[in-house]
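Asks: Residue numbers (my numbering), protein chains in the order written: chain A, 1 to 135; chain B, 1 to 138.
What the hints contain is simulated information worked out from the structure, not anything from laboratory work.
Each hint should be verified, as a subset may be incorrect.
Selected chain B positions facing chain A (in silico; Cβ < 8 Å) [unchecked claim]: (1) D24; (2) G36; (3) A71; (4) P75; (5) A124; (6) E131.
Here are some of the chain B residues that sit facing chain A, going by a computed Cβ distance under 10 Å [claimed, not checked]: (7) G10; (8) L42; (9) V45; (10) V52; (11) A60; (12) I72; (13) I80; (14) W95; (15) G96.
The following label-pair restraints were derived from C-beta to C-beta distances [said to hold, decoys possible]: (16) A122(A) x A47(B): 15 to 21 Å; (17) A9(A) x A125(B): 31 to 37 Å; (18) L63(A) x M1(B): 42 to 48 Å; (19) L59(B) x V135(A): 21 to 27 Å; (20) G112(B) x M1(A): 41 to 47 Å; (21) L63(A) x D81(B): 43 to 49 Å; (22) A68(A) x P40(B): 38 to 44 Å; (23) A125(B) x P76(A): 42 to 48 Å; (24) M1(A) x Q73(B): 27 to 33 Å; (25) L114(B) x P45(A): 24 to 30 Å.
Where a beta carbon is used, it is the ideal one built from N, C-alpha and C, also for glycine.
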Amino acid sequence: MEAVIHAIAGGALIGIAAAGLLLINGRVAGISGIFAGALRPAATPWNLAFIGGLVAAGILARLAGFAAIPDTHLEPPLILAAAGLLVGIGTRIGNGCTSGHGVCGLSNLSPRSLVATLVFMAVAGLTVFIARHVV
Amino acid sequence: MKTITAALSGLLFGIGLIIAGMTDPVRIKAFLDVAGEWNPALALVMASAIAVAAPAFALARRRPRALLGDAIQLPDRRRIDGRLILGAAVFGLGWGLGGLCPGPSLVLLSNGGLSPFIFVVAMAAGMGIVELTKRSSA
Numbered sequence: 001m002e003a004v005i006h007a008i009a010g011g012a013l014i015g016i017a018a019a020g021l022l023l024i025n026g027r028v029a030g031i032s033g034i035f036a037g038a039l040r041p042a043a044t045p046w047n048l049a050f051i052g053g054l055v056a057a058g059i060l061a062r063l064a065g066f067a068a069i070p071d072t073h074l075e076p077p078l079i080l081a082a083a084g085l086l087v088g089i090g091t092r093i094g095n096g097c098t099s100g101h102g103v104c105g106l107s108n109l110s111p112r113s114l115v116a117t118l119v120f121m122a123v124a125g126l127t128v129f130i131a132r133h134v135v
Numbered sequence: 001m002k003t004i005t006a007a008l009s010g011l012l013f014g015i016g017l018i019i020a021g022m023t024d025p026v027r028i029k030a031f032l033d034v035a036g037e038w039n040p041a042l043a044l045v046m047a048s049a050i051a052v053a054a055p056a057f058a059l060a061r062r063r064p065r066a067l068l069g070d071a072i073q074l075p076d077r078r079r080i081d082g083r084l085i086l087g088a089a090v091f092g093l094g095w096g097l098g099g100l101c102p103g104p105s106l107v108l109l110s111n112g113g114l115s116p117f118i119f120v121v122a123m124a125a126g127m128g129i130v131e132l133t134k135r136s137s138a
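Start from the sequences and build out the full structure, keeping to the hints where you can.
Replies: Written out as structure tokens, the structure is:
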């Protein structure tokens with residue numbers, strides 16, 4: 001039950017963050033796109049600020065006593081490097097990730113984002129299935 | 001002002017991810033592993049976020065300008081092509097492999113240890129590769 005409340009409360013905060021950025025700044029809270037924008041030489045301050053806010057959330061949580069995610073929950077370095085590379089390439093080609101297509105695109109009733117979300121969820125599910133139950 | 005509100009949005013987004021438990025790759029994989037002990041938390045988080053954000057998007061579609069004066073930039077909703085499918089599939093492969101997507105990986109930078117940095121640097125490199133190929137083909 002506690003996990004359900006946390007999921008709903010955390011989700012609501014994510015929704016408020018996305019709604020706020022849209023109605024106040026006029027921008028979609030797609031994290032892969034914002035991060036890619038922050039990497040460009042001509043990065044706009046708001047891109048950097050949003051990414052800074054995300055990073056700061058992790059720091060604040062640690063200061064507030066939230067436990068770190070155990071290292072054993074993370075894949076070994078080589079797998080993480082490959083995963084990161086694929087996430088970077090895929091989100092730029094497909095123009096979005098879980099936040100941009102999944103949260104914002106579906107909130108915007110976008111058929112394009114619905115297709116993207118179904119595809120990345122299906123492929124991710126298949127990847128976990130093969131890694132866990134086949135290999 | 002736009003910088004401050006963007007920072008607050010990022011902060012709130014990150015806190016939401018942490019409270020929802022979405023920065024833990026084990027939970028993400030438990031959601032993706034439909035054949036295992038399925039954990040539906042991620043679906044619940046998304047449904048809750050969408051329930052809150054959808055009215056804002058409905059409003060945004062009818063308003064040309066945001067509160068701070070900029071034009072509201074909404075992405076294309078219709079174009080479904082090979083690039084979209086290919087990109088989403090490659091992203092899904094990486095997401096399933098590592099249990100991390102861009103938001104949680106950035107929140108995890110302060111988790112301690114090198115692992116989140118390896119993921120984020122590789123992600124930045126992947127994005128850079130696509131940008132370079134786009135530029136050379138343009």
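Asks: It remains to establish, for every hint, whether it holds in the given structure.
Replies: Hints versus structure:
1. D24: holds, 5 Å
2. G36: Interface hint status for G36(B): holds (6 Å vs cutoff 8 Å).
3. A71: Hint on A71(B): holds, closest Cβ of chain A at ~6 Å, below 8 Å.
4. P75: P75(B) check passes; min Cβ-Cβ to chain A is 6 Å, inside 8 Å.
5. A124: holds, 6 Å
6. E131: Since the shortest Cβ distance to chain A is 7 Å, the answer is holds.
7. G10: Where the cut-off is 10 Å and the nearest Cβ of chain A is about 3 Å from G10(B), the hint holds.
8. L42: OK, holds: L42(B) within 10 Å of chain A, min 8 Å.
9. V45: This interface hint holds because 4 Å falls under the 10 Å limit.
10. V52: V52(B) check passes; min Cβ-Cβ to chain A is 3 Å, inside 10 Å.
11. A60: holds, 5 Å
12. I72: holds, 4 Å
13. I80: holds, 5 Å
14. W95: Given a least distance of 4 Å, the restraint on W95(B) holds.
15. G96: holds, 3 Å
16. A122(A) x A47(B): 15 to 21 Å: holds, 18 Å
17. A9(A) x A125(B): 31 to 37 Å: holds, 35 Å
18. L63(A) x M1(B): 42 to 48 Å: The hint (42 to 48 Å, Cβ to Cβ) is violated, given that L63(A) and M1(B) are roughly 26 Å apart.
19. L59(B) x V135(A): 21 to 27 Å: violated, 47 Å
20. G112(B) x M1(A): 41 to 47 Å: violated, 30 Å
21. L63(A) x D81(B): 43 to 49 Å: Distance hint for L63(A), D81(B) holds at roughly 45 Å.
22. A68(A) x P40(B): 38 to 44 Å: Distance hint for A68(A), P40(B) is violated at roughly 25 Å.
23. A125(B) x P76(A): 42 to 48 Å: violated, 18 Å
24. M1(A) x Q73(B): 27 to 33 Å: violated, 40 Å
25. L114(B) x P45(A): 24 to 30 Å: Roughly 29 Å apart at Cβ, these two residues keep to the hinted range, so it holds.
Violated hints, in rising order: 18, 19, 20, 22, 23 and 24; the structure is consistent with all others.
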